Amino acid sequence: YSPWERGINENTNGLIRDYFPKGTDFNKVSELEINLVANRLNNRPRKTRGYKTPNELFKGVPSHLLRSLRCCA
Numbered sequence: 001y002s003p004w005e006r007g008i009n010e011n012t013n014g015l016i017r018d019y020f021p022k023g024t025d026f027n028k029v030s031e032l033e034i035n036l037v038a039n040r041l042n043n044r045p046r047k048t049r050g051y052k053t054p055n056e057l058f059k060g061v062p063s064h065l066l067r068s069l070r071c072c073a
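For the sequence shown, counting from 1, position 65 maps to 65 in the UniProt record's numbering; every step adds exactly one.
Since the hints were derived computationally from the structure, they do not count as laboratory data.
Any given hint could turn out to be false.
Below 20 Å or equal to it, Euclidean Cα-Cα: the simulated SDA-like pairs (lysine to any residue) are [what the hints assert, rightly or not]: (1) 22 / 11; (2) 59 / 38; (3) 52 / 11; (4) 22 / 40; (5) 59 / 41; (6) 52 / 22; (7) 59 / 43; (8) 28 / 18.
Given the structure is predicted, the values throughout are model-derived calculations rather than measurements.
Make the full structure from the sequences, and use the hints.
Right under this line is the structure:
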């Protein structure tokens, strides 16, 4: 990670911990619960992103770039 990326990553980890405390056994968490939390977080405005949501930013990515990401995942 670049130094500027670590803060975002740590902040996101903290947001996830609001729903799943440290030490959570994810084998006991349903896929539905994980998807609900992901949806909540992806629709939560972020100050560091000009109060846009991750989903809003993702929708602004040109489709040809998304296809290139899909090929390499």
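- If you check each hint against the structure, which ones fail? Hint 6 is the one this structure does not satisfy, whereas the remaining hints hold.
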